[in-house]
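Enquirer: The primary structure of each chain is shown beneath.
2 protein chains.
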Amino acid sequence: MSVTVVGSIAFDAVMTPFGARERMLGGSAVHFALAASFFDTVHVVGPVGDDFGEQEYAVLRARGVNVDDIEHVRGGRTFFWRGEYGWDLNERRTLDTQLNVFGEFRPKLSEHSRSADVVFLANIQPDLQREVRAQCSAARFVALDSMNLWIETARDSLIETIGCVDCLILNDAELRELTREPNLVRAARRARDWGPRVIVAKQGAYGAAMFTDEGFFGLPAFPLETVIDPTGAGDCFAGGFIGYVAAHPDGELDHELLCRAMAYGTVLASYNVEDFGVERVARLTSDEVSERVTDLQRITRFIEKPVALRN
Amino acid sequence: MSVTVVGSIAFDAVMTPFGARERMLGGSAVHFALAASFFDTVHVVGPVGDDFGEQEYAVLRARGVNVDDIEHVRGGRTFFWRGEYGWDLNERRTLDTQLNVFGEFRPKLSEHSRSADVVFLANIQPDLQREVRAQCSAARFVALDSMNLWIETARDSLIETIGCVDCLILNDAELRELTREPNLVRAARRARDWGPRVIVAKQGAYGAAMFTDEGFFGLPAFPLETVIDPTGAGDCFAGGFIGYVAAHPDGELDHELLCRAMAYGTVLASYNVEDFGVERVARLTSDEVSERVTDLQRITRFIEKPVALRN
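In the order they appear, the protein sequences are chains E and P. Counting in our numbering, the first sequence runs from 7 upward without gaps. Counting in our numbering, the second sequence runs from 7 upward without gaps.
Hints should not be assumed to be uniformly reliable.
[As the list claims (entries may be wrong)] Facing chain P, from chain E, some residues (calculated, C-beta under 8 Å):
| hint | residue |
| --- | --- |
| 1 | 73 |
| 2 | 94 |
| 3 | 188 |
| 4 | 230 |
| 5 | 233 |
| 6 | 236 |
| 7 | 298 |
| 8 | 300 |
| 9 | 307 |
By construction, these hints were calculated from the structure, which means they are not laboratory data. All residues carry an ideal CB built from backbone N, CA and C; glycine is no exception.
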């Protein structure tokens, strides 16, 4: 069994109050793949240019990620993003975006990538996401991320694509914008009416919420004293969440299992923000993942006891 | 045993996308008292004017709240606030504030109010909060709320007052502003260094976080399809949280108990926002409270199971 992710591969330049990096490995497919690599073999599908070298491949290979479907566009340059975070790390400012080879990207999936049983359509143009979805006809669980750009410029196509997947993972503000429902519970219900049986609303530093036919599940973010760089946290969340799903057979895929998947997503995202770019997750161990899941369970659980209430 | 709350008693005019009220019972002490009344006898200390009548007293008395220390200022008018919420109910706009009798308020506590074993200093001027704290010398648990106005105009006094209480309950943005620490975990640690052993950061529609010497506890807000009016939610949270503490002897007051108190705070706040002002909590039953605490436990709990992770 394996996971396929289709999305961006990038170089990021990031400035935060805690330091800066001029050129570091990034992109949604990369962050997702490193996080999901704790659970299953991951195939990355995305384009790079001549500036993408052995050093970058090595980071992915070191975690067992399959890079055969990384498409090297000769004469091109890799997608580049430059951004800045202030003291409130929830707010970021994009200073420069150079699409480069990502601008002309048409996903080409090998037989191996197409036959994955779990697929993550990271944030790319929704028509392309739908093409990929159609190619992965054997997949038992397909999840999709998107962004305000597509909500605002390609909403109909995005809704059509959402109708072809099992799980929608979006920031909560985007979910409300997409569905035109200011209330999150109603927004999730509307999105579920379009097709997916699972809706995950990412809430940044506040955590994440999940809606399935069995109901709601909410989980705070893991509390951290030191947050260095939030770039890629959402994709690491998706990697932990979907990786956990991929590690279990279809018969076990119920609400309870998805709640646990939320915990793994939360933990992978929390490690990601502890250092720049992929640096923390690239050196993460499976013991660290397990320990933090145990901690997360402890710090989010209360045990009800009867109390005499006055009417 | 009993609880004393010192704070505002008000008439609120509120406009939301779901309707409006021109004049409804409100104020921090009122919202707190109604929520805490499910757990213990509550003494309300606060000023009202000639416009505060039997109808308003009746709402409090119907829930067993002791109104003996509500100070009727002859010839005065009750505190009045007018505000408006947009589609995003997390954002509110104040249109009018008339302090009236609240502007000259000097809390006068009867022997009964002074001898309460649990005290909530709702959001009033920090010097006054300290005066009240000094009068309640027998109290075993004193909690305090504040707001950006006092952080910006009376920070030193507020920090001194915080040094005299057991528990600080603030909005997370205010806690970060007060401590000048953008990171919530560090902000809570700094506030604990000033004295209180319990810090609660309210996060609006996202839930609440608690910090004690035994660690962190995080709880999402109860998911609601229908939110009519968020006014008073924070004070109802405090009422549920502190009321739960009051209902238990000091010997049981550990981290576990405070986690359960967070659940009751969350549930009381969730009911409060389902209707205008105090309307929902005034007709709430203890069975409804218990049921929602059970629901909250179910929708925030995940059960860890071992999974084979790849290193």
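Enquirer: Hints broken by the structure, by number, lowest first?
Expert: 1, 6 and 7
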